[in-house]
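Asker: Protein chains in written order, with full-length UniProt numbering: chain P, 1 to 534; chain G, 1 to 307.
The hints are simulated quantities; they were obtained by calculation from the structure and are not laboratory data.
Using N, Cα and C, we set each Cβ at its ideal position, and we do this for glycine too.
There could be a bad hint or two in this list.
[Stated by the list, open to error] Some chain G residues near chain P, calculated using beta-carbon distances under 8 Å:
#1 L41
#2 P42
#3 Q44
#4 N48
#5 T65
#6 R68
#7 A92
#8 F95
#9 P96
#10 S243
#11 S256
[To be verified] Stretch by stretch, here's where chain G covers chain P in the computed footprint (C-beta under 8 Å, at least three residues):
#12 90-103
#13 409-419
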Amino acid sequence: MKHFLTTSALALMLSLPAVAAQVPEGTKLADSQEYTWWLLDAIKSLDPAKNTDVEGSDVLRQLFEGLYNEDETGAMVPGVATEHSVSDDGLVYTFKLRDDAKWSNGDPVVAGDFVYAWQRVANPETASEYAWFIELMNIANSKEIVAGEAAPDTLGVKAIDDQTLEVTLHTPTPYFVKMLAHATTFPVPQKVIEAEGDNWTQPGKLVGNGAYTLAGHNLGVDLTVEKNDQYWDAENTVITKGKAVTVNDVNVGLTRYQAGELDRVDIPAGQYPRLEQEYPDQAISIPYACSYAYIYNVSDKGPEALKDVRVRKALSLAIDRDIIVEQVLQGGQRPAWTWTHWAIEGFQPPATPEADKDQAARLEEAKALLAEAGYGPDKPLNISIQYNTSEDHKKIAVAVQQFWKQLGVNVTLNNVEWKVHTDRLQNQDFEVARYAWCGDYNEASTFLDWFRTDGYNSGKWSNAEFDKLMADSKTAEDTTPLYQRAEEILADEKPAAFVYHYANVDMIKPDVKGIPMENVMGTWYLKDIYRTAE
Amino acid sequence: MFGYILRRLAVAIPTLLVLIVFSFLLMQMAPGGPFTQERALPPQVLANIEAKYGLDQPMLVQLWTYLRNVVFSFDFGPSFQYPDRTVNQVIAQGFPITLTYGLVSFAVAVLVGVSLGVTAAIRHNTWLDYLAVGVSIGAQVLPNFVMAPLLVIIFTLWLGWLPGGGWSFNDPSFWIMPVIALATSYMASIARITRASMLEVLGSNHIRTARAKGLPERKVILRHALKPAILPVISYLGPAFVSMITGSVVVDMYFSTGGIGKSFVDSALNRDYAVMMGVTILIGALTILFNLLVDILYAWIDPKIRY
């Protein structure tokens, strides 16, 4: 069967050679090649199957390597896999693995390591929070295994031989390959895990296949990695030592950056303009694949008013996104009129008439819509905004309260701690709630799937045409018109008011090179970085 | 005395049990659980995780299992927030850190606080008194969440003398700022209590007698005044000592020490029931222990006290 499927396989040679640091000819490298980056919090887990954080993934990408890596634009480049082919029906992927990939203990990395790792994530006994990612990849039997209805070894992933990995999907998934740089898909060392149990991620025990090995880990203080000589591309790896330092306060982080203790930090909200002027060679703003929105609860538990699309539109129009982006955040974020982040690869936003109007015209329209819906001075609209504790969310909520006041809407601000916020979101126990979504892979469906009837969709909005578009997009040759139509439906139906698209706003030391400036996923690899002599 | 200690210990155990049961129930009543997050987990994934941690059991069964593990095997269970670690490992990593900077802070606060208080009292209404009172009020009103970032700016950014955060057991330069930030307000309180109590004692009859007998002032102060004057300070020191060695979330946050104070607050916010319970029990047991020690010290210092 598989041979039949792969006969006319489409060989996908990847565009770029797999390179580590691309140091231009004639560059004088600094004598000391050490790099220190900032973490807001303790690294919760170094087990690829159990990690759930962005910060954890940043560390895991140095310690492990998946089938593919991302380059500075976010395109896939070879990692352990050098190439792959896909069957005509889009269901079977066959990966060729390089034969010189090794674990840090010298063992070869083989296809079986991926089989073990992926089965382990899906296995209910592992209790992986990211088991859903394997489901999202649409690997055959993944749902059944997670549900405990099938054995983990029935997962659609097979080692044909040590250098050939075959993955079978239950549904064609055009973005499947883009998911393969995600930490959840990294191989893990079966022998070590079986010998050490949950403790296998400690320094001295952890065996990885990445460009670096774990040298030390003080929970909530720092984590050190050192160059892995067993890595297949070690000779092109420049940075010899990396250190991730936890600083729990953004402002102290910036101070310590300025004191020279860190090479890269986040810029606290509102400080970018000043820092950019003061340090034009260090302050950067890179688009980052997350969108910020105010979700309307249109479920039965939600307020009656929000079931009226005119009200939802009016509230959205009245939000002055320019003020939020330029006065509150001030870090290169962009006003959002679509749910999909503007910088997502291949995404072409549909024409949204509201985006081209000026705020005065939008406000006029909003007032008219609200009056049409029957709300006015005699019958004012009362609505509550729920947001989780954070200075930025509060500032935005206060601003929105003022914007909506111009419509005669009375807004109650409802600040709750994070767990209460998420709990209420999941139980539709809110009216309007602040929300943000970060893409899992660089393709529009990672955003749009959220609004499917069976998506996360906290407001329980549902639209048959939208669902069909998203279902069709999985097998479509050209997804652009489908995604555009989906965004148009969102713009017409307004299940949420989209507020802004994120940017990563950072300070980076001027001698540090090789940090990707165009990767909207924010993915970076220590092996691509180098320091120049000043 | 010995009987008293035994009796107190006998009360301590049920107290701890009540503490465990109440914390456990309160924690479970808080909205959201350890695995509630922005992207809701598919029900099956959530069920698998809850089964692994025993969270699918009825609450009383969970409580019983927990108590049994704690009492019989000193096993506080796995952390939900740090799936690679057990609660014992989380505490073993963080507690020695807070214990170290807490002990140093305690020593500094007591030495400086008592000296300031005594000096102010014996030089009552002189410039020394005003200075000591001024310093202690200043220290008291400067909250540590203001002081901590200021210290980093001064000692790390401007002067470049000290590392801006982190922790090392071998390098005391990492300890200095956490100690200053933690000790200051305790020092101020100790100074004020010592001064007030000393002033009261200095006006009492036995001091007048001692002076009338012609004892040198140094002896009057050290031998006759300090001992009774220190009693109220000691009752303050018991709880203060416990809260110092179990860390401060502010100090842990601004200096990223990796101490237990931040783990405690994080565990509550993240609904990491296991770590929260572990730290609660640790703090509870220490509080009970040090209150007992204070009472014993009392009897030792003041022979008038009988049990």
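Asker: Confirm or reject each hint.
Answerer: We went through each hint and held it up to the structure:
no., hint, result
1, L41, "holds, 6 Å"
2, P42, "holds, 5 Å"
3, Q44, "holds, 5 Å"
4, N48, "holds, 4 Å"
5, T65, "violated, 17 Å"
6, R68, "violated, 21 Å"
7, A92, "violated, 10 Å"
8, F95, "violated, 12 Å"
9, P96, "violated, 11 Å"
10, S243, "violated, 20 Å"
11, S256, "holds, 5 Å"
12, 90-103, "violated (count 0)"
13, 409-419, "holds (count 3)"
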